[in-house]
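**Student:** The residues making up each chain are set out below.
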Amino acid sequence: MKKKLPSILLSLSCLIVYLFLLAPIVVVLLSSLTTTEYIVFPPEGVTLRWYIELIEHPEFIDSFILSISVAFGTAIIATIIGTMSALAVVRREFKGKNAIVQLIGSPLLIPSVVFGVALLQFYSWIGLATSPLSLILGHIILTVPFVMRLVVASLVGFDRVIEQAAMNLGASSIRVFFEITLPVIKSGVIAGAIFAFITSFDDLTVALFIVSTDVVTLPVRIYTYMQYQYDPIIASVSSIMIIMTVVLMIIIERVMGVGKIFSSKN
Amino acid sequence: MELNTRVDNEIVLMQKKKNFKKRRDTWLLLIPTLAIFLFFFLLPLFFLFVTSFKTFDAGTGIGNQWTLANYIQFLSDPFYISVLWRTIKIGLITTIITIIISYPVAYQITKAKPRMKNYLTLLVLSPLLISMVIRCYGWVILLSNNGVINQTLMTTGLINEPAPLLYSEFSVIVGMVHVLFPYMVLSIMGALERIDPSIIRASKNLGASNLRTFVSIVLPLTLPGIFAGSVMVFSLSVSSFVTPSILGGPQVKVMSYITYEQVAVMMNWPYGGAIGFLLILVATITILIYSKVLSKSEKGVAIQ
Amino acid sequence: MGYLRINNLVKTFNRTEVVKDLTLEISKGELISFLGPSGCGKTTTLNMIAGFLDVDGGRIEVDGQAVHLLPANKREMGMVFQNYALFPHMTVFDNIAYGLKLRKVSKVEAKKRVLEALDMVRLAGYEKRYPKELSGGQQQRVSLARALVIKPKVLLLDEPLSNLDAKLRQEMREEIVDIQKQVGITTIFVTHDQEEALAISDRIAVMYEGRIEQVDDPITIYNQPKTDFVSQFIGEVNKIQGVVVGGENGNESRVNFYGDEQLLPFQLRTNEKLDFFVRPEKIVITQKHEGEGFQSIVMKKMFLGAKTRYFLKVEDKDLIADIPNTALNPHSIIEGSKVQTFWQAEDILPSRNVR
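Chains as they are written, first to last, in the numbering used here: chain A, 1 to 266; chain B, 1 to 304; chain C, 1 to 355.
Just so you know, the hints here were simulated from the structure itself, not pulled from any lab data.
Be aware that one or more of the hints could be misleading.
Claimed, not checked - In silico SDA-like cross-links for lysine to any residue, where the CA-CA straight-line distance does not exceed 20 angstroms: (1) Lys16/B - Arg92/A; (2) Lys253/B - Leu29/A; (3) Lys101/C - Thr224/A; (4) Lys97/A - Leu192/B; (5) Lys28/C - Gly247/C; (6) Lys74/C - Lys253/B; (7) Lys111/B - Leu192/B; (8) Lys74/C - Ile174/A; (9) Lys21/B - Ile185/C; (10) Lys101/C - Arg92/A; (11) Lys22/B - Arg175/A; (12) Lys18/B - Ile185/C; (13) Lys17/B - Asn73/C.
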């Protein structure tokens, strides 16, 4: 008994933290079912009315599609160029390497509000109109540091002897990269891509400055709607996003195991 | 002898060719990233920096004269200083609370069996995957005047009218802790996992109690992890925009919010830029202090 | 007429020559070992032959064609690595088939050859496994099959057995020799283990500080080492001192070892004090106190199964003698007692100052 008390206390405090962690998410899910005209928790009654009403708000669907495409574009480009820089940084010696590593890592240190302001000013100065591309360019800056770190981590533990073995068997350096190196560092690259996708899809701060009236990403749409309306539509939109995320996670878990994505050590 | 020179020339030529190719490939790998970073990161920030030394013009936003007034105005106005202080205060409180609630969780996860460990890690990290806007929205629902917390407090008779939980420093801190807590858990977990189990066994073997072992062995060894996590949480907290703007709004102004306000509402680009660069300064100083301490102690862990 | 010819090979790292003007010819079908301590340049040489390192001077030819300027993937050499270097994301089958795929061998043909190769390394039925599901020995066999299936011109083995445990190491080395002879492939075997080199090689190239000290068949290397390094590195030796007491005729000299005079087949100057080597197993001890040889004191003995190692002392010099237990019952020798010690004159190996 004497021995068990601390571990019970530990479990209890952890349980409270987990509840705290899940609380806002569960609250959003449940309050989307309320029958009231305004958002309330606990919900009064149960209805799917606010999901059906979404049909009358095609702007949410448009924003959703925009956000998905921007996130997709960002993830693809950031993963490719981030992996390329990681390769150069880990495997090559060149002058100014440290400076380049610092530069690529620095967006993590710059508050995204400041970056958003700077980008808005720059875009209007060079006359680049708001488009998915202008959003993607901003999001690439936010996500390449993550991709590079994750890929660097998996490249550092990579034993290059297997590349020699492939070369010895007659593979050109291009084939060695695509058939040997890439498959082995796959988990780092995929983790980078997922991270880039989520970061881009979730970004409010930078997008808030860049969006125009007809190019509005979903986080910006929800944010502005929240400021003027208090109906449960937001809860139903949010719930759909939560459910999608969970489903996506389950699929990823089935395909490759979540532990692998998060632990770059393996 | 002649033959040898010819052969050596061939070798030198091949090595030169190879070196050239290597260098060319290195730059080919880096150029896409460097180009994008130059044009869409460095250049914009540089322009904003230049702008922050310009005067304000009601028509175009940016005037023609050079001035230091934007920085001087900020640093001499008690209102703006109070915003800066609030930003730092919220960052500090958030950091302390995340340390306190992250430690037991990190400890429990590292002690768990592999399968359980995976699930718990997933549980802790999963909020990161859900949009920050949505998570903050959840807190809006919970903390609002007719939210479940105020309702409970009123029905139990503890308070007579709703407590102003939302749009306060309290709600901002709650949201911040919720958003930034996983980073701290990961950082402490990293430190805990690096501890050689034999050290703990050795300590217990020497007769130390569990508590004693924890206080004199485990805690000191995880300090670098706590420190690294704190720097990360603090710098993310002072620069975050989403959480304070949804859960605090105009009532709880922080640096990022007034940057946004100056640019998007007041159209005062130079002043917005100046506030932005002061914010960068705060975040950078934190990191600098961190790396200073790190190089002194030489046993810290790098920010992940 | 060498099949693989290495001429005046040089490699420099940071201005230090790690391979110095190395020349060697290897005949077709021969198994030659590069033997030497770590840092002797054996792996560097192998990597230059494979094309993983650029040569800084010299020439490498295979079958009359210069290859030292070709990239590694065009050299047609099969290599087996110390840590196996199997592709972790491919099955055993795909690992072995990879080289064939690169050579655009048809699927049917490739399958046939992979299965043959697996059969050869006694791993039939393992084709669907992944490398991490195999033991070290099995992984090394897959690695060997992968190297051989492309029918390379030369097989390069880089300390292939050093990650295996002792018993498996012996089994594997016999297997490697069997397969090598069966295929008849020209093979370079890099190792730091002299027993391994002695057991499997047609010839051994003993390397030291970037140079080849001696290339010979194992028996010659062992019995007639040409340099001090080879004498001391191959097998064990006792360093003994003798004083030349007189030259008998042109090619022989009379040398006194600890009071015992022997006629040695070298021409030496009288009155010089010289070093020689003698292997522990060439020393004979008896409990008699007369006849050939000299007296020494048994300081310690160590039973090693088939033989016993005696630590002897004579005139303050240590001597080690390995005596088969069939020749002398270890129980009969008491530590601290005196024994008669001698060796045959032809078992004396000369040191540098003798040559």
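**Student:** Does each hint fit the structure? Answer for all of them.
**Tutor:** Right, here's what the structure says about each hint:
1. Lys16/B - Arg92/A: 16 angstroms, holds
2. Lys253/B - Leu29/A: The hint is violated at about 29 angstroms.
3. Lys101/C - Thr224/A: Judged against 20 angstroms, a Cα distance of about 57 angstroms means the pair is violated.
4. Lys97/A - Leu192/B: Between lysine 97/A and leucine 192/B the Cα gap is close to 32 angstroms, so the pair fails against 20 angstroms, i.e. violated.
5. Lys28/C - Gly247/C: 45 angstroms, violated
6. Lys74/C - Lys253/B: Distance of about 66 angstroms is beyond 20 angstroms: violated.
7. Lys111/B - Leu192/B: 9 angstroms, holds
8. Lys74/C - Ile174/A: At roughly 14 angstroms apart (the allowed maximum being 20 angstroms), isoleucine 174/A and lysine 74/C satisfy the hint.
9. Lys21/B - Ile185/C: 35 angstroms, violated
10. Lys101/C - Arg92/A: The hint is violated at about 29 angstroms.
11. Lys22/B - Arg175/A: 17 angstroms, holds
12. Lys18/B - Ile185/C: Cα-Cα ~31 angstroms, so violated.
13. Lys17/B - Asn73/C: 17 angstroms, holds
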